[in-house]
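Protein chains: 2
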Amino acid sequence: MAINETHRADLTSWVESAQTPGSDFPIQNLPFGIFKRAGRAETARVGAAIGDHIVDISACVDEGLITGAAAVPAERCRAPTLNDLMELGGDAASSLRRVLSDLLRVGSLAYRNDPGISRRVLVPMYEAEMRLPAHIGDYSDFYASIDHARNVGSMLRPDNPLLPNYRYVPVGYHGRASSIVPSGTHVRRPTGQIREDPDEPPTFVPTKRLDYEMELGIFIGPGNAQGSAIPILNADRHVFGVCLLNDWSARDVQAWEYQPLGPFLAKSFATTISPWVITLEALEPYRAPAYVRPDGDPAPLPHLLWESDQRRGGFDITLEVYVRTTAMRQRRQDPALVSRGHFTTMYWTVAQLVAHHASNGCNLRAGDLLGSGTVSGPEKESRGSLIERTWRGREPLRLPTGEMRTFLEDGDEVIMHGYCERSGFARIGFGECSGMIIPAL
Amino acid sequence: MAINETHRADLTSWVESAQTPGSDFPIQNLPFGIFKRAGRAETARVGAAIGDHIVDISACVDEGLITGAAAVPAERCRAPTLNDLMELGGDAASSLRRVLSDLLRVGSLAYRNDPGISRRVLVPMYEAEMRLPAHIGDYSDFYASIDHARNVGSMLRPDNPLLPNYRYVPVGYHGRASSIVPSGTHVRRPTGQIREDPDEPPTFVPTKRLDYEMELGIFIGPGNAQGSAIPILNADRHVFGVCLLNDWSARDVQAWEYQPLGPFLAKSFATTISPWVITLEALEPYRAPAYVRPDGDPAPLPHLLWESDQRRGGFDITLEVYVRTTAMRQRRQDPALVSRGHFTTMYWTVAQLVAHHASNGCNLRAGDLLGSGTVSGPEKESRGSLIERTWRGREPLRLPTGEMRTFLEDGDEVIMHGYCERSGFARIGFGECSGMIIPAL
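If you're matching them up, the sequences are chains A and B in order. Just so we're aligned: 194 in the numbering used here is position 194 of the first sequence, and the numbers increase by one with no gaps anywhere. Just so we're aligned: 250 in the numbering used here is position 250 of the second sequence, and the numbers increase by one with no gaps anywhere.
Next comes chain A alone, as it looks inside the complex:
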């Protein structure tokens, strides 16, 4: 994909809220999601975000506003998940995005001819319920930030923080698909086995070390047949788009259970994702070089190395984590920023994760979700989890209310944001990925 007409910074929309400074959804973004109007007997369907509204794509079809190449992807937008659209691939989504861009921009012929369409195709976001964007067949989670791997590794293995495979293998593991929930869903504090004293048996109690992980979620578009790989130079064509992902983690459960087969119940109680999927096309202006490996690091093996991916396989996405405590809600205070990281610090590119995942012939399917792993950079303020931010609880965070946090307390809300900025281009955002902790049963 390349930068095109839909990315032009001077485009504005007749949906005025799309021009609000700081809006996540200007006309240059147009992410896809699944919505229905609350309290109505209607089926969920595909919409695109514009300002504080949702474009009901099925309504646009019914109005005769979508023709040509975009008609096929638009027809698939009647479904209650994005899977059918994802399966069609980036060119189809791109043609749909272009039609929406034409329809929504100032000067749009359709709008000039009949301004009444705004009432008929737009739904205010406050009237809508957002669903999971896709039926997620499989969810895999990676570990692509070397700073995160080094931080966590140094807590568990001070003399050997980074294992020898890290610089060769985009390390990942399978996650739980059933417990992925959309932003806004409460998360119950899980109970699990923890062992606080190595000389005593473990106990089965509510976790005392509940954490979040700030990740990017990557949705697969067209899949691959089982037994065939995805060459790295095709990997982007298998990616539909990205969202925010909170990989909630019970650190004490994880420490006790994770050997030798990896995290299981420490993660499987809930994973929260943001409802809007930002297409690869919308991200095109914010591409960046892949991580530059320091001298001494090996080059990726040939099947994970492609010159174009090294040059522009990264994405300049800023990722922020806020916490809102019960006290903040009571005092009507703003949530507190606890970290700000950058996806450019990731050791492995999205294309490398996809190519690696399918390199053994594992079949990826449209709607499958990949987590990037916690996005942490070299600075303290960029660490995307509390275990890193508070260094396993040894350096508690002081919040603006004066409250201290090592791990999450009941009533804490974790709110994630993401955005891309580049001079000469519009700012686009990801919307919100939030969840509040409710007490253990």
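Because the hints were derived from the structure by calculation, they are not lab data. Glycine included, every Cβ here is placed at the ideal spot set by N, Cα and C. Each hint can be trusted.
Here chain A is said to cover these stretches of chain B; the calculated rule only asks that three of the stretch's residues, wherever they fall, bring their Cβ under 8 Å from a Cβ of chain A:
no. : region
1   : 197-208
2   : 296-304
So, partial list: chain A residues that the calculated Cβ filter (under 10 Å) puts toward chain B:
no. : residue
3   : Val171
4   : Pro260
5   : Gly361
Covered stretches of chain B (in silico footprint by chain A; criterion: 3 or more residues with CB under 8 Å from a CB of chain A, positions within the stretch not fixed):
no. : region
6   : 186-192
7   : 356-363
Given chain A, work out where chain B should sit, using these hints.
Okay, now just chain B, sitting in the frame of chain A:
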């Protein structure tokens, strides 16, 4: 569930092949699966195995042969997966199984009145294609044989084979759902990163240590809501039935990738399951005590301990692995038996696996699949994987052809069988779980 009329050893069926000695599918079994007749434009649907035939349950409904409480579950048998039937729970499946038992037994009123029904409701197995029994939302794999864990652990950590969590935590990890295939599907040798020399970089080559793992697959029936647990005394009600499962594994890939997040590409290229799901009710006569922990082992924590589960949470299932090489096929020789294990040797019961899985509030859904982990007992001959059977290749197996095997070669077919026998009851079997290795791309 209890032993009832359907288990009586003296029951015989008017489907004569059900009485063939050694048949896996006598009238006491009646497992469910998904079939369609090959080469016909018809949709796949639910059938029950009887001898060398399949009872087409939708055809029985159409013939008016299924009434009463069984009508509801029978109506769900028109679906192309068992999920809708699984969701209804064991009592519904039991009522359907009783009606089928009545219908198929010698003396059946319906058959006496109209022997023509045999033509209209039975499909010969050789005319049918079997599909995956369910849409598998999530697949989790456990590690419930202490002998397997000790064997593999002692190869990787000779001084510390069993980690301290093993006797407390039914260790498990998430597996890949997309690459689960039905018995008979060829399995392509995966390519992956392996590091043979610790002083050299890894290489990306076809695996040299391709292995199988003989496991029991456990299908979930009714699920649990996210955030709620499944108490161990209810766990059986959430299990629909079991099948055979081959957790194909690339040992060299696994050794290099598995730290710190567990197996990933070493397993995700393929998992094969047998097509017939043996219901918990059919297994009732073969229940056995849970593993008796030796002195010094801790008792399970209270949430994993239930007196009735200790007394009868095990299943006396014999599990056999055969290998058929290209040379055997050419010489028309029988496959060679390479191991015979017993599910009674498992350290954790099925109910404990289910209760543990949901103990953090993770939602299980109808059709989810749990692997038991490799079933290995204390004797060499009972080890359910080649890495154990040949002790990491150090003790090659001599096959009846004179061929030697450390790991699997291209053209090797791995064939798994399972059966239950108990004096005073019929022998019931699991059918076949097979797959042949085809060369890497």
